[in-house]
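The working numbering puts the first residue of the sequence shown at 198, with every later residue one more than the last.
Just so you know, these hints were derived from the structure itself, not from any lab. Note that the coordinates shown come from a computational prediction; the quantities given were computed from them, not determined experimentally. Backbone N, C-alpha and C define an ideal beta-carbon position, used for all residues, glycine too. Do not rely on the hints blindly, as some may be mistaken.
Claimed, not checked - Now the in silico label distances, taken between C-beta atoms and shown as ranges:
1. A477 with G362: 34 to 42 Å
2. D770 with V269: 49 to 57 Å
3. E268 with A480: 31 to 39 Å
4. A456 with I582: 49 to 57 Å
5. D250 with D409: 26 to 34 Å
6. D770 with T631: 37 to 45 Å
7. T479 with A456: 28 to 36 Å
8. R542 with T426: 43 to 51 Å
9. G484 with D770: 33 to 41 Å
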Amino acid sequence: MINDIDAALRAIDQASGGSGLFTNLDDATRQAIAREVSWASVPGGELLFRCGDVGDGLYIVITGRLQAIIEVPGGPAEVVGEISQGEVVGEMSLLTGDPRSLTIRAIRDTTLVKFSQEAFARVIDRNPQAMLAVTRRIIVRLQQRNKGTRPPARVATIAVLTAGGGVLHRGAAERLAEALARVGSTQLLTGAIVEQATRGMDALAASRWLDDQERQHAYTLYLADATTTAWTARCVRQADRALIVADGDTRPDHDRIVAWSTDLSLRDGLPPVELVLLHATTATPAGTAAWVAATAAVSHHHVCPTVAGQYERVARFLTGRAVGLVLGGGGARGFAHIGVVRAFREAGVPIDAVGGTSMGAIIAGQCALDVDSDAMLALNRHHWILNNPLKDKTLPVVALLACRRLDAMVAKMFGTVEIDDLWRRYFAVSADITNAELRVHRDGSLARAARASMSLPGIAIPVHDNGALLIDGGVLNNLPADIMKKVGGGPVVAVNVTPEKDLVVSGPYPGAISGWNLLLNRKHIKVPGILSIIMRTTMLASTRERKRVADDVDLLLNPSIEQFGMFDWDKLDAIAQIGYECARDALERWKPA
Numbered sequence: 198m199i200n201d202i203d204a205a206l207r208a209i210d211q212a213s214g215g216s217g218l219f220t221n222l223d224d225a226t227r228q229a230i231a232r233e234v235s236w237a238s239v240p241g242g243e244l245l246f247r248c249g250d251v252g253d254g255l256y257i258v259i260t261g262r263l264q265a266i267i268e269v270p271g272g273p274a275e276v277v278g279e280i281s282q283g284e285v286v287g288e289m290s291l292l293t294g295d296p297r298s299l300t301i302r303a304i305r306d307t308t309l310v311k312f313s314q315e316a317f318a319r320v321i322d323r324n325p326q327a328m329l330a331v332t333r334r335i336i337v338r339l340q341q342r343n344k345g346t347r348p349p350a351r352v353a354t355i356a357v358l359t360a361g362g363g364v365l366h367r368g369a370a371e372r373l374a375e376a377l378a379r380v381g382s383t384q385l386l387t388g389a390i391v392e393q394a395t396r397g398m399d400a401l402a403a404s405r406w407l408d409d410q411e412r413q414h415a416y417t418l419y420l421a422d423a424t425t426t427a428w429t430a431r432c433v434r435q436a437d438r439a440l441i442v443a444d445g446d447t448r449p450d451h452d453r454i455v456a457w458s459t460d461l462s463l464r465d466g467l468p469p470v471e472l473v474l475l476h477a478t479t480a481t482p483a484g485t486a487a488w489v490a491a492t493a494a495v496s497h498h499h500v501c502p503t504v505a506g507q508y509e510r511v512a513r514f515l516t517g518r519a520v521g522l523v524l525g526g527g528g529a530r531g532f533a534h535i536g537v538v539r540a541f542r543e544a545g546v547p548i549d550a551v552g553g554t555s556m557g558a559i560i561a562g563q564c565a566l567d568v569d570s571d572a573m574l575a576l577n578r579h580h581w582i583l584n585n586p587l588k589d590k591t592l593p594v595v596a597l598l599a600c601r602r603l604d605a606m607v608a609k610m611f612g613t614v615e616i617d618d619l620w621r622r623y624f625a626v627s628a629d630i631t632n633a634e635l636r637v638h639r640d641g642s643l644a645r646a647a648r649a650s651m652s653l654p655g656i657a658i659p660v661h662d663n664g665a666l667l668i669d670g671g672v673l674n675n676l677p678a679d680i681m682k683k684v685g686g687g688p689v690v691a692v693n694v695t696p697e698k699d700l701v702v703s704g705p706y707p708g709a710i711s712g713w714n715l716l717l718n719r720k721h722i723k724v725p726g727i728l729s730i731i732m733r734t735t736m737l738a739s740t741r742e743r744k745r746v747a748d749d750v751d752l753l754l755n756p757s758i759e760q761f762g763m764f765d766w767d768k769l770d771a772i773a774q775i776g777y778e779c780a781r782d783a784l785e786r787w788k789p790a
């Protein structure tokens, strides 16, 4: 700690951005304030105070970072902001005398100076501008809360650890540092580097040295030791995010990893844990769910180090720049998505995450599997034209289709692949009619998720899942851009293939009609069929949400596919070409930041 009074007050002023809270105080006042000041150190992950505690003082952050949390009885906790070096925390309760309104937790090792009510009163009496500075901070925070906004959580410090011992994580840290350096200045710190630079310093001075290093770089990677050492623990406490690197081609030692992560307090959720699984080949990974369970990771990344761009994808997720592609439902019109994917690849725009509804979920799954564009055309031609799964009609007690062909199609398309094992992040959306809620499929069987997402009510048999019945996601969200926003945190491109106006009937429309007559004279009587009416009905609610979707995304693509029907499967190539041209032209004018 700092023993010299003047040095302590200067440190607070410096941390506060040179705001001059103490520069106008005489020596006697300084001495009086110093007797009321105390130093506090809060390890990363621990609480400074909890909502409802007595407000007995305010704090100024000297080093580290805090997190402000609203706790509602019976509801989930919500993070509403962060408090960084030089900022004041706890001032509201000090001024009003009310209990603490927020819970404050240290995101990382944090050093603070605490001012009692008496000490703060002395500062205000001798230096009124200090009160003005504190009042401004209160107003800004109240404005952010009233608007429902808060600054985004900043990922600037990343701990890189290994779950299996050895030095596997060292190479990953070096490659990730190179990828991050293309975004902003980046440094990689090891225990040896920090020990040499801070030799002879006390704890506060060493902490300030680390803070200074972090301020000089946009991103700092802390390379942990291969074992649970004091430095490894320090890396975790210093980090905004913890990356656990492991050999994805092996099975995890679950009990050992749980014990290791528990020792490091990694299972407390602070910092959030992400998993990087390294693979020797580009074959579809397997067994990812076991690694996620063992490490309690909130997300994971598959990386083949021999493939260019893999670490850049991890870097985009860490920095909130991951590009998400959302594909809407629309029957055969969804073939436009194949052309969109082709245009992305040709333009060199990454697809870091992909998700969709109904037909969009099918094409998104193929994209997540890295099926190339020509193979996509061939795959969908085989299944939708040559072996049309809709030619499987039955007595319509539950649905018009027996769904044997539909089940066989998704099984052949996706096999036994699990969503966790996909190289790209993927989700599909279905509607749970049992519980009247949206279901987002982020793990489990890819084939089952796609099948649920495209189970049109009345046409396909719902998917039974743990007592619930799942149908086409278009009933609730046909273009789930809002969900994608939470997946990657970066730019979102959405592809809408459902026209605002559809099933237009020209000429007289009969009030009553014989189905047999319509069947026999279908070439002469032009009215929408039952399948088209059901599909259009399914998508009505989502179609009305188009403006909201447009506000949610960075780029909205609307391929001109109105001339095609929802069951024009044989127009595959023409529809895909229109999607390609629409995306190609748009991507020439738009690039992700």
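Structure-based check of all given hints:
no., hint, in the structure
1, A477 with G362: 34 to 42 Å, "violated, 18 Å"
2, D770 with V269: 49 to 57 Å, "holds, 54 Å"
3, E268 with A480: 31 to 39 Å, "violated, 46 Å"
4, A456 with I582: 49 to 57 Å, "holds, 55 Å"
5, D250 with D409: 26 to 34 Å, "holds, 32 Å"
6, D770 with T631: 37 to 45 Å, "holds, 39 Å"
7, T479 with A456: 28 to 36 Å, "holds, 33 Å"
8, R542 with T426: 43 to 51 Å, "holds, 44 Å"
9, G484 with D770: 33 to 41 Å, "holds, 38 Å"
Checked against the numbered hints given earlier, the structure breaks hints 1, 3 and satisfies all the rest.
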